[in-house]
Amino acid sequence: MDENLISINNLSFGYGKELLHKDINMQFNRGKVSAIMGGSGCGKTTILRLIGGQLKPNSGNVTVDGKVVHEQGREGLRNIRRKMGMLFQHGALFTDLSVYENVAFPMREHTDLPENVIKDLVLLKLNAVGLRGAHKKMPAELSGGMARRVALARAISLDPDIIMYDEPFAGLDPISMAVICDLIRSLNDALGATSIIVTHDVAETFSFADYIYFLADGGVAAEGSPKQLLASKLPFVKQFIHSEKDGPVPFHAEAPSYQSDLSL
Amino acid sequence: MNNILNILEKLGASARSSLSGLGSCARLFLLTMIYSSDSFKRFNLTIKEIYFTGVLSLVIIIVSAFFVGMVLGLQGYYTLEKYGSSEAIGVLVALALVRELGPVVTALLFAGRAGTAITAEIGLMKTTEQLSAMEMMAVSPIARIVAPRFWAGMISMPILATIFSMVGILGGYFIAVLIIGVDDGAFWSQMQANVIFIMI
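Protein sequence lines correspond, in order, to chains A and B.
Quick note: the first sequence uses this note's numbering, first residue 78, plus one each step.
Quick note: the second sequence uses this note's numbering, first residue 77, plus one each step.
None of these hints come from the bench; they were simulated from the model.
A few of these clues could be false.
[Claimed, not checked] Within a straight-line C-alpha distance of at most 30 Å, the following computed DSSO-like cross-link-like pairs (lysine-lysine) qualify: (1) A:K196 / B:K202; (2) A:K304 / A:K315; (3) A:K213 / B:K202.
[Stated by the list, open to error] Using C-beta positions, here's what the derived DEER-type ranges look like: (4) B:Y127 / A:L190: 45 to 55 Å; (5) B:K117 / A:K196: 43 to 53 Å; (6) B:F116 / A:T172: 23 to 33 Å; (7) B:N79 / A:H187: 34 to 44 Å; (8) A:L174 / B:L104: 21 to 31 Å.
A virtual CB, placed ideally from N, CA and C, is assigned to each residue, including glycine.
Given the sequences, and given the hints that come with them, work out the whole structure.
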């Protein structure tokens with residue numbers, strides 16, 4: 078079996094004429110938690126969308142289990158996506174369905190399981206994220222952290238091989254953050270899944286990720302285990318990890334001279 | 077020269093963008109048709125939408141219809157009375173409602189009430205990434221969200237238009253017969269004789 082479950086090969090992508098990613102290569106190993114880090118707007122989430130087949134690359138490709146994602150037909154893409162679970166930035170729970178129905182949704186759509194089995198499975202998944210007691214609630218009644226956990230239960234409801242997390246820590250309090258961190262690691266190991274996290278929270282990610290990619294200027298600026306990156310002398314990595322306000326990533330956006338803008 | 081080029085360029089750009097807008101509408105419609113079988117296979121989804129778009133629009137439809145019927149009855153009566161044919165009020169009310177006002181006003185109210193509700197709902201689902209999440213779960217949002225709403229509209233609209241006409245006629249009856257005192261039998265029998273299905 079190939080060690081890399083997902084690999085991104087010489088991928089270039091842009092929303093308009095300008096390229097967001099230029100010739101990127103990444104490998105995501107089976108059973109590992111990998112993180113993609115980088116500043117806002119550097120295209121981290123876009124990578125997840127490319128892996129999920131929601132966007133098509135301009136050149137290069139993404140392969141999942143040896144299959145090129147953007148070349149798949151409707152059925153092929155469906156099969157690939159059934160192996161994936163994705164946690165969206167704000168949970169993306171279906172607002173008109175209860176917590177229970179949200180977690181049951183993928184099961185109802187893709188399986189013919191009888192209701193009593195679905196009930197057991199849903200409660201099992203909710204128990205894994207500690208929210209079995211909230212199964213009757215509606216998404217609007219949940220806090221941000223709880224919504225994220227329900228969404229995680231939904232993402233793992235069909236026991237996916239790949240779990241993708243889009244900014245799982247954004248806007249959470251420290252306790253919820255620690256809970257989510259713990260869940261990401263434990264679910265990955267319990268399900269034997271491969272996890273990819275897109276984030277810019279340095280401390281949390283470095284505490285549990287196996288491998289980290291740094292994106293900057295349309296390419297992979299640095300990669301390695303947290304230990305290797307902490308020891309890295311690369312100016313961008315240092316600036317990012319130590320949150321320095323000026324460095325290779327300038328404080329000021331590119332602009333004509335200040336004087337000319339103020340007509341002095 | 078440059079000015080003319082600029083104007084031409086803007087004209088071209090707006091023509092292209094409206095064409096591409098039209099194209100995506102057509103594409104969405106085509107996809108809705110293709111995925112429609114799903115919304116019939118799982119008809120409970122469509123039934124739920126019929127409740128939200130159709131049943132919940134009943135109040136506004138019934139109230140408006142009753143008032144439209146009353147206005148037709150009142151104004152029609154005063155005009156017809158001048159020519160001594162106030163018994164024809166039933167025909168006037170019925171034809172005006174069934175042929176013109178019923179479908180048109182129902183469509184406007186339906187677009188206003190159900191159309192905006194659906195737009196807001198899908199817009200919210202888009203911004204909160206629910207549609208993306210559905211796509212990533214290998215469920216087509218067009219099959220699950222758009223097609224059931226489309227068919228719910230297709231099914232409820234004619235029924236609502238019929239109800240509108242019915243209630244409107246009752247409104248006309250209320251004013252003309254019960255309040256003003258036009259002959260009851262003449263109201264209904266003239267309507268029966270003159271409103272023919274083929275004419276509608």
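>> Of all the hints numbered above, which does this structure not satisfy? Sort the numbers upward.
In response: 4, 5, 7
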